[in-house]
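Residue numbers (this note's numbering), protein chains in the order written: chain A, 5 to 282; chain B, 5 to 282; chain C, 93 to 415; chain D, 93 to 415.
These are computed hints drawn from the structure, not numbers from a lab. What you are looking at is a predicted structure, and each value in this text was computed from that prediction instead of being measured. Keep in mind that the hints are not guaranteed to be accurate.
[Claimed, not checked] With a Cα cut of at most 30 Å, we get these calculated DSSO-like pairs of lysine-lysine:
id: 1; chain 1: D; residue 1: LYS210; chain 2: B; residue 2: LYS165
id: 2; chain 1: A; residue 1: LYS29; chain 2: D; residue 2: LYS119
id: 3; chain 1: B; residue 1: LYS29; chain 2: C; residue 2: LYS119
id: 4; chain 1: C; residue 1: LYS214; chain 2: A; residue 2: LYS165
id: 5; chain 1: C; residue 1: LYS119; chain 2: A; residue 2: LYS165
[Stated by the list, open to error] Selected chain D positions facing chain B (Cβ under 10 Å, derived; list incomplete):
id: 6; residue: LYS175
id: 7; residue: TYR225
id: 8; residue: TYR241
id: 9; residue: GLN263
id: 10; residue: GLU300
id: 11; residue: ILE358
id: 12; residue: VAL384
id: 13; residue: GLU388
id: 14; residue: VAL409
Cβ coordinates follow ideal geometry from the N, Cα and C atoms, glycine included.
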Amino acid sequence: MSEQLTFTDVEANICTIAGMIEEDKLYFVQMAGAPLMAVLLAKYMSAPGVGYVVEEGAVAPSPSFPLPRMMVGASRSHYRAVGWYGMNIVDSHAALGFMDYGLLACLQIDKFGNFNSTFIGGTYEQPERRFGGAGGATEIASQCWRTLLMTKLQSRKFVNKVDFVSSPGYLDGTPGARERAGLPANTGPYKVITQEAVFDFHEETHQMRLIAMMPWVTEEEVLSKMEFEPLIADKVERMTLPTEEQLTIIRTEIDPGGLTVSRGEWFTIDRDTDKRVT
Amino acid sequence: MSEQLTFTDVEANICTIAGMIEEDKLYFVQMAGAPLMAVLLAKYMSAPGVGYVVEEGAVAPSPSFPLPRMMVGASRSHYRAVGWYGMNIVDSHAALGFMDYGLLACLQIDKFGNFNSTFIGGTYEQPERRFGGAGGATEIASQCWRTLLMTKLQSRKFVNKVDFVSSPGYLDGTPGARERAGLPANTGPYKVITQEAVFDFHEETHQMRLIAMMPWVTEEEVLSKMEFEPLIADKVERMTLPTEEQLTIIRTEIDPGGLTVSRGEWFTIDRDTDKRVT
Amino acid sequence: MDVLASGIGEFRKPDPDGYREYVRTHKERRLVSKVMSEHDAISRFVEDGDYLAYDQNVAVRGPTSLFREIIRQRKKDLWIAAKFTWSDASLLVAGGCVSKIDVGWMATGRLINEAIRKGELKLIDWTNGALAYRHLAGSLGVSFLPMRYLVGTDTFTQSGAKVIEDPFTSQPICLVPALYPDVAIIHVQQCDIYGDARVLGAGVAPMEIAMSSKKLIISTEEIIDHEAIRRQPQRTTIPYYFVDAVVVAPFGCYPGSTPGLYGADIEHWMQFGAAEMQGKTDEYLENWVFSVASHEEMLDKRVGAAKLLKLRQAETVREGYYE
Amino acid sequence: MDVLASGIGEFRKPDPDGYREYVRTHKERRLVSKVMSEHDAISRFVEDGDYLAYDQNVAVRGPTSLFREIIRQRKKDLWIAAKFTWSDASLLVAGGCVSKIDVGWMATGRLINEAIRKGELKLIDWTNGALAYRHLAGSLGVSFLPMRYLVGTDTFTQSGAKVIEDPFTSQPICLVPALYPDVAIIHVQQCDIYGDARVLGAGVAPMEIAMSSKKLIISTEEIIDHEAIRRQPQRTTIPYYFVDAVVVAPFGCYPGSTPGLYGADIEHWMQFGAAEMQGKTDEYLENWVFSVASHEEMLDKRVGAAKLLKLRQAETVREGYYE
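Using the sequences and the hints given, assemble the complete structure.
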């Protein structure tokens with residue numbers, strides 16, 4: 005029997021995003037959970053000098069690992085920052101154009117990258133399931149130059165129409181739609197990262213476009229997990245699998261309690277063939 | 005020969021204002037010079053607990069005496085404040101209505117308490133003498149509940165029309181003029197203090213009104229030192245002379261260099277008669 | 093005024109002059125002790141129907157001892173701002189205290205969903221940043237502030253924001269109305285008896301909330317000497333004249349954490365979560381709120397010294413806070 | 093947009109998106125050393141025609157070593173914001189560097205009056221607070237802010253402010269345009285090599301100016317270790333990514349004072365005042381600026397060790413700054 009690699013969808017997302025982190029850029033990272041873990045994994049492994057801010061005003065922290073289980077705003081997550089401010093200050097840093105990338109999770113997304121974190125089903129007044137709200141995602145997705153969005157590849161998440169536009173993507177997709185609405189120029193969603201596929205947005209039509217897939221999935225499989233049909237890049241790249249080292253660091257240093265990464269769908273991959281076993 | 009008391013016009017102003025300081029009120033005090041000295045004299049002698057803020061953001065300092073010669077923003081003038089902030093913060097405290105009194109000096113004033121600290125003579129573009137500008141006086145005179153204005157009783161200062169309205173009094177004097185302009189409700193100049201006379205403003209007409217004079221001057225003398233004719237209160241009070249103790253504290257603790265208080269007009273008063281000798 | 097678009101959300105009309113009048117007649121300018129019990133602070137300064145603001149980083153440095161006292165006193169019909177919060181909104185909803193929530197982010201579950209369904213609770217959506225910014229507007233004494241986001245979304249539509257044509261750039265710009273809460277509760281590490289308060293560490297908007305709220309209750313881990321405040325003026329987050337009450341509350345944000353002092357009691361949160369899922373929050377409240385007379389009694393009889401020591405030990409960082 | 097009134101003063105049209113584009117392409121995000129000489133900092137980052145901002149409390153903590161370097165390099169046509177300043181504007185006018193001044197408050201005398209008379213200098217009146225607030229607007233990334241004063245005055249008329257009908261209260265409200273300076277110079281007590289800077293003590297608007305200026309030069313009394321910054325993050329006034337140059341300048345605001353370190357040299361100010369009154373500022377500049385190659389040389393050859401020691405001794409307060 006050949007060697008196998010086992011990980012969750014969240015772990016896959018964290019590893020994929022960690023591989024995208026550039027050390028000479030600044031990141032505005034949502035609260036906690038997978039987006040923060042992705043930047044921390046990069047900081048631990050490949051981009052130790054990367055700077056990021058969090059909503060509650062810690063600028064460029066150097067968190068002490070292993071991280072605490074409830075880490076938002078806690079001392080170990082703000083450890084050795086270069087500055088401790090408040091939300092209005094760091095939101096202003098983003099308004100001023102200092103934040104190259106926003107890093108966010110979302111519940112539902114449409115083909116123009118508009119996304120929902122408010123409610124699913126029913127009406128605004130009587131929702132079937134009410135969620136936490138836009139949080140800091142709207143200011144991040146509006147004011148950072150590029151936004152990296154993380155979610156799961158499922159048809160109920162990639163939908164024709166989101167139940168509620170909590171935060172803006174390219175709105176109706178027309179050229180200049182964000183600027184006409186009053187948003188800062190030349191901003192918008194940049195990539196959407198899932199456990200099995202990565203998307204970007206077409207430069208002119210602003211439609212979501214499949215650009216990379218995990219080795220074990222086909223285009224058809226990806227499309228079957230989406231309500232709308234994305235554009236397909238001329239050449240769809242193969243995504244890199246999480247490494248043993250990445251997974252070990254996530255499980256021992258980044259989320260030792262497993263509160264975030266142990267939930268969701270598990271993947272077991274045969275390392276010789278890169279095919280999914282279970 | 006009877007005993008004599010000698011002081012300058014600035015010293016007289018400082019002592020008169022010091023006597024008005026209420027310990028349960030908050031003061032917003034201009035930069036430096038006589039207004040600040042007045043509140044410090046009160047703090048030294050009669051109202052040790054009185055709180056005041058200065059433009060550069062020191063809140064409720066307890067300055068260490070004797071004060072330095074160039075004291076604005078210097079360490080001894082901010083000593084043992086309860087907070088060190090910046091200008092936008094303390095201006096906001098005033099905007100929020102926390103500052104009961106503003107304490108200011110001015111170059112020129114009209115009968116509605118509009119005053120000038122910008123230029124005298126000529127035009128705005130080609131002034132005869134250009135002065136420092138509105139400074140912080142406009143925010144103080146607009147946002148504190150009541151403004152105490154300090155100047156010298158001279159016809160070139162109490163004028164029919166100021167060369168430039170740097171900061172607002174009651175504007176054209178009509179009811180609600182300040183509110184119509186956009187200023188916070190129920191604010192405005194409260195008293196004008198000079199070396200020989202004190203004025204307030206009529207509740208309805210908002211015209212300046214003589215309410216107190218030094219013992220050695222007559223109404224005619226006061227009016228001869230004003231270009232416009234103020235209202236006269238039914239009963240014009242007699243002002244209290246500076247005391248020896250006040251003058252000693254000013255000269256040794258408040259302005260030991262004499263930069264502010266030794267300039268201007270000198271008064272020598274016969275203490276038996278309260279008449280001016282020279 | 094050309095208003096290009098307006099959200100439909102309900103909001104308190106900002107009234108800077110009304111706030112000023114309140115301040116003029118109600119706020120104490122002298123240095124007088126404001127130390128009082130949590131009971132007195134909540135009963136004197138929180139009224140049914142008040143707009144209540146608070147500050148915390150999700151579960152960190154939240155004024156939870158005061159939340160419990162609000163529930164204990166069965167305050168009603170509060171309108172709260174839940175920005176970057178945790179299960180506080182659910183807790184207050186469980187206590188029957190809340191009828192409206194301005195939402196930035198909060199943990200949601202059965203309690204919130206059921207209260208909406210029954211028509212007992214109305215949510216008005218904003219974002220974390222928009223609510224913090226509305227407090228900033230209030231702290232500046234104005235009625236609105238312009239900002240570069242919120243537009244283009246349904247969040248905007250459900251909020252009370254407006255879009256106007258910017259008179260300086262001619263571009264569309266979003267305006268949010270200032271938030272002037274009736275009362276705010278803020279937990280801090282250190283405070284003197286007059287209310288000069290220090291928030292140690294990053295915080296969402298403690299100063300903005302303190303400045304924009306008519307009434308302000310501070311709960312503090314410890315009282316420090318007034319002279320200590322004056323020796324380090326730059327560390328004072330909130331000066332005394334904004335503060336109406338100072339409540340001594342060690343472990344005041346239990347089961348949350350206070351940076352530099354103690355960690356969070358995660359088991360407690362799970363217990364609350366389980367109670368919520370099982371519809372047993374009445375039991376939870378009986379145990380943690382109603383059956384104890386005070387925060388002190390809760391710590392003594394429900395939490396216990398061993399747990400408190402463990403939580404102290406779980407906080408390993410003092411650097412930047414106390415060092 | 094119903095604009096009820098507009099000032100006639102010239103102002104740079106606020107361009108938040110232009111600022112953002114500059115930041116995107118020009119500002120360094122990495123932690124790299126920005127330490128350089130005053131010569132290099134001024135020659136690289138101050139251009140003729142720039143809008144130059146700075147921060148000080150009248151004569152306290154002003155970046156005077158950098159003012160002298162600007163004169164030494166004969167920069168021209170600067171537009172400066174003189175809010176709550178001292179004779180800096182006169183000094184720069186004497187050096188022929190300035191063509192426009194946004195006035196809050198500054199010391200005026202023969203130099204300013206003559207330059208106006210000759211048509212070489214244009215003043216545009218605001219107030220200290222209005223200029224600090226315009227920096228605040230810039231620091232928030234917006235194009236204007238509403239405020240409760242300036243209206244009703246000739247200062248308003250000569251400024252670039254506007255009055256609109258407030259869309260939330262229907263009352264008239266004053267709007268001031270955001271100020272985004274091309275370059276700012278700020279003197280601090282402590283800074284690391286990356287630009288993480290600490291202003292110790294009260295300051296007019298150092299953070300707002302730092303955030304709203306495209307280019308930022310910090311002069312610092314001393315370089316401190318980056319790890320020292322990280323050990324006390326709450327003391328950092330300006331984080332590294334706003335900063336383009338760090339200039340080591342002990343006694344950098346001589347003849348002004350730096351709180352906690354040294355007092356002001358009042359005799360020097362009087363010497364400048366006398367030179368101005370006698371029309372001898374060329375001699376003054378030759379002696380204090382042109383005949384010395386650097387701030388260091390000026391301290392050594394013109395001020396001297398004895399005077400520096402005396403100024404150190406004159407500063408008796410360290411509490412709140414270094415203790």
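- Query: Tell me, which hint numbers fail for this structure?
  - Reply: 5, 12 and 13
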